[in-house]
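**Student:** Given next are the chains, with one letter for each unit.
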Amino acid sequence: MRHLLDFSGWDRARVAALFKTARAMKEVLSRPIKTVPTLKGRTVATVFFEPSTRTKTSFELAAKRLSADVVSFSGSSSSLKKGESIRDTLLTLAAYGVDAFVIRADAAGVPHQAARWLDAAVINAGDGRRAHPTQALLDAFTLEEALGDLEGRKIAIVGDILHSRVARSNAELLGLLGAEVWLAGPPPLLPRRPFFGARLTARLEEALKDADAVMALRIQKERLSGGRLPSEEDYRDGYQITEDRLALAKPGAPLLHPGPLNRDVEIEGTLADGPRSLVLRQVENGQAVRMAVLYHLLARRAA
Amino acid sequence: MSLLIRNARLVDARGERGVADVLVADGRIASLAGGEAERSIEAGGRLLLPAFLDLHAHLRTPGEEQKESLETGLRAAAAGGFAAVVMMPNTRPPLDAPEAVRGVLRRARAAGGARALAAAALTKGQEGRALAELRLLAEAGAVLFTDDGRTNEDAGVLADGLRYAAALGRPVAVHAEDAGLRGEGVVHECPLTEALGLPGNPAEAESARIARDLEVLRMTEGHLHLQHLSTKSGVRLVAEAKRRGRRVSAEATPHHLTLTVDALKTLDPLYKVAPPLREAADREALIEALAEGVVDVVATDHAPHTAAEKAADFLRAPFGIPSLEVAFPLLFTELVEKRGVPLGRLVEAMARAPRRLLGLEGGVLEEGAPADLVLVDPRERRAVDPAGFFSKAKYSPWAGWELLGWPVLTLVGGEVVHARLG
Chain A
1 MRHLLDFSGW DRARVAALFK TARAMKEVLS RPIKTVPTLK GRTVATVFFE PSTRTKTSFE
61 LAAKRLSADV VSFSGSSSSL KKGESIRDTL LTLAAYGVDA FVIRADAAGV PHQAARWLDA
121 AVINAGDGRR AHPTQALLDA FTLEEALGDL EGRKIAIVGD ILHSRVARSN AELLGLLGAE
181 VWLAGPPPLL PRRPFFGARL TARLEEALKD ADAVMALRIQ KERLSGGRLP SEEDYRDGYQ
241 ITEDRLALAK PGAPLLHPGP LNRDVEIEGT LADGPRSLVL RQVENGQAVR MAVLYHLLAR
301 RAA
Chain B
304 MSLLIRNARL VDARGERGVA DVLVADGRIA SLAGGEAERS IEAGGRLLLP AFLDLHAHLR
364 TPGEEQKESL ETGLRAAAAG GFAAVVMMPN TRPPLDAPEA VRGVLRRARA AGGARALAAA
424 ALTKGQEGRA LAELRLLAEA GAVLFTDDGR TNEDAGVLAD GLRYAAALGR PVAVHAEDAG
484 LRGEGVVHEC PLTEALGLPG NPAEAESARI ARDLEVLRMT EGHLHLQHLS TKSGVRLVAE
544 AKRRGRRVSA EATPHHLTLT VDALKTLDPL YKVAPPLREA ADREALIEAL AEGVVDVVAT
604 DHAPHTAAEK AADFLRAPFG IPSLEVAFPL LFTELVEKRG VPLGRLVEAM ARAPRRLLGL
664 EGGVLEEGAP ADLVLVDPRE RRAVDPAGFF SKAKYSPWAG WELLGWPVLT LVGGEVVHAR
724 LG
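In order, the protein sequence lines correspond to chains A and B.
Going by my numbering, the first sequence opens with residue 1, and the numbers climb by one from there.
Going by my numbering, the second sequence opens with residue 304, and the numbers climb by one from there.
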């Protein structure tokens with residue numbers, strides 16, 4: 001594995017190997033001293049052309065736990081438009097001797113472009129609507145912890161499917177792991193064609209019925225009013241995950257959310273903090289999974 | 304000056320015309336049976352065709368000469384075997400004023416290469432709201448009217464434009480796309496691009512707008528020309544309108560005739576173009592429509608940008624593919640050689656049909672016709688090398704493709720504007 005751009009070319013064995021490393025990293029994180037020297041002397045750059053605090057923090061902490069040096073660059077693509085291009089920015093950072101670039105952008109394909117321009121490893125930290133592979137890996141890792149093997153499991157993903165890279169990456173990875181993925185949301189926020197073999201429905205009940213796990217997606221506030229949806233209330237009425245609706249899923253089916261959560265929009269507030277919520281577990285596992293990704297990309301790479 | 308082209312295999316819209324010695328004098332084809340000339344060229348059995356006319360090119364002048372200039376664009380056209388190109392008016396400022404049209408035509412005459420013809424804006428500022436000074440623009444030399452690059456959202460304005468242009472004997476060319484259905488789409492909407500997470504532009508954005516425009520056309524006496532047809536459903540609508548005798552014509556581009564949405568797998572903005580690359584079934588429908596004459600014209604939509612602009616991210620990189628220098632060899636190789644489209648049909652679509660559409664003579668090989676000629680080599684196989692382009696856009700989706708049919712000599716009105724004879 002040279003880069004982590006998406007899951008094309010992946011098989012179950014590669015996922016299993018990565019998860020094995022992630023479990024070892026999780027053990028490291030349970031120690032009083034949470035740092036190991038594995039990537040000492042390596043440099044990881046987080047380059048975020050789109051604002052993010054969670055993913056950036058998670059990656060930077062993951063790199064530091066492995067003793068890598070971390071540099072970070074943040075700038076919106078629109079400010080770049082005036083002068084320096086994305087390519088110029090990346091090549092400038094590369095000249096500092098960066099071993100891995102963690103890249104977030106609002107346009108699909110920027111990590112692919114970066115991989116063409118750079119010799120370093122490229123990790124996609126979210127590109128437009130396209131992919132967010134480490135999020136999907138941490139979701140699948142968390143689901144396996146909760147459910148065991150995902151073969152044949154029904155996973156319902158609910159919300160703004162059209163604009164969601166999390167939905168796309170999860171459909172791709174969970175599909176690879178044998179799960180049956182259902183994507184549900186209001187029609188204006190559903191793609192007109194399905195992706196990665198997932199099922200599409202505007203009928204929430206159909207997606208939730210007998211689901212083994214339910215994942216609600218973050219919905220951008222600006223899409224809830226005056227955009228493609230009539231109102232927040234209209235959305236809540238049809239698609240908020242509530243106690244009653246979650247009862248359609250299998251008993252005890254866990255609830256996930258990639259964060260950050262709009263409280264009482266995607267998920268009823270009490271549920272988000274309830275025993276079935278794996279939201280904080282996802283955050284914890286995210287760090288271990290990202291350590292595993294950095295390890296697989298850098299530790300085996302010639303210095 | 305007179306010129307004799309010896310041993311050329313003549314092909315025009317009527318097909319193969321046999322091997323002949325063609326005498327060019329006073330800007331015209333003086334004889335197809337040889338004769339005395341001041342200069343002569345041995346064609347060695349290469350193909351002599353009427354040189355092409357491109358109905359749709361962006362030469363970016365005035366205002367965006369970093370992308371293309373009249374000199375580079377017209378030189379590129381000549382190298383591609385084009386005797387003339389129609390320059391689109393979406394320049395900065397747009398060509399919506401008579402003095403602007405006169406100005407760019409005057410500058411183009413001094414630029415060399417192919418001949419420049421001007422399309423003028425249909426509406427002021429190409430904003431689709433108020434008609435531009437169509438009569439004055441026609442007098443200044445505009446050969447057609449279009450708001451290309453923009454969509455004519457107000458059907459009432461389009462109807463008035465079609466009626467006014469008809470009175471001036473000019474076609475109205477439209478970029479038929481419903482802006483609302485297109486939304487923020489940057490690629491064809493299909494399962495592949497949904498998976499790629501690129502905002503989709505559905506085929507229906509084109510076909511719904513074509514359907515509307517064909518209804519608007521019925522209200523007028525005008526001539527509607529549909530630019531860069533890209534969808535199977537659009538082809539079907541055009542075919543039906545033609546059966547009903549409507550005054551509609553359509554063009555297809557080299558990229559829609561040779562590439563599909565599959566190229567987007569690379570996520571490379573090189574393939575970002577409007578309308579977007581569609582599916583294999585759309586491409587097949589276009590090839591068939593071209594072969595049958597439902598698509599009248601091949602037009603390049605040559606749309607150069609700087610390399611830096613095309614290296615931006617997919618959402619911000621500009622739309623457009625440059626193709627003046629590869630259009631003919633590309634279509635000769637991919638459609639004539641590989642798919643059996645008759646060469647005469649391609650010559651019709653690139654040379655005679657676009658001239659007819661503008662009411663211009665030429666596009667045939669006969670005594671007395673204008674000596675707009677191109678000699679192409681049907682045997683020399685050469686890879687597309689963008690570094691050697693005359694255009695400022697030194698990149699190409701077809702880079703590395705091995706093609707036949709490269710132009711080796713282009714004449715405009717009997718004058719040599721491009722020569723690559725060994």
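Mixed in with the good hints, there may be bad ones.
What the hints assert, rightly or not - Here chain B is said to cover these stretches of chain A; the calculated rule only asks that three of the stretch's residues, wherever they fall, bring their Cβ under 8 Å from a Cβ of chain B:
1) 105 to 116
2) 192 to 205
What the hints assert, rightly or not - Pair by pair, the computed Cβ-Cβ distance ranges are:
3) B:685 x A:37: 28 to 36 Å
4) A:264 x B:430: 26 to 34 Å
5) A:32 x B:609: 51 to 59 Å
6) A:206 x B:430: 44 to 52 Å
In case anyone wonders, no lab produced these hints; they're calculated from the structure.
Here a beta-carbon is modelled for each residue, glycine too, at the ideal position from N, C-alpha and C.
**Student:** Within 51 to 59 Å or not, the Cβ separation of residue 32 of chain A and residue 609 of chain B?
**Tutor:** holds (56 Å)
**Student:** Check the following: the C-beta atoms of residue 685 of chain B and residue 37 of chain A are separated by a distance inside 28 to 36 Å.
**Tutor:** violated (56 Å)
**Student:** Just tell me: holds or violated, for the beta carbon distance of residue 264 of chain A and residue 430 of chain B against 26 to 34 Å?
**Tutor:** violated (44 Å)
**Student:** With a cut-off of 8 Å between beta carbons, are at least three residues of the region 192 to 205 of chain A near chain B?
**Tutor:** holds (count 5)
**Student:** Is it true that residue 206 of chain A and residue 430 of chain B lie within 44 to 52 Å of each other by Cβ?
**Tutor:** holds (46 Å)
**Student:** Establish whether the coverage given for the region 105 to 116 of chain A by chain B is satisfied; the threshold is a Cβ-Cβ distance below 8 Å, and no fewer than three residues must meet it.
**Tutor:** holds (count 8)
When each numbered hint is compared with the structure, violations occur for hints 3, 4.
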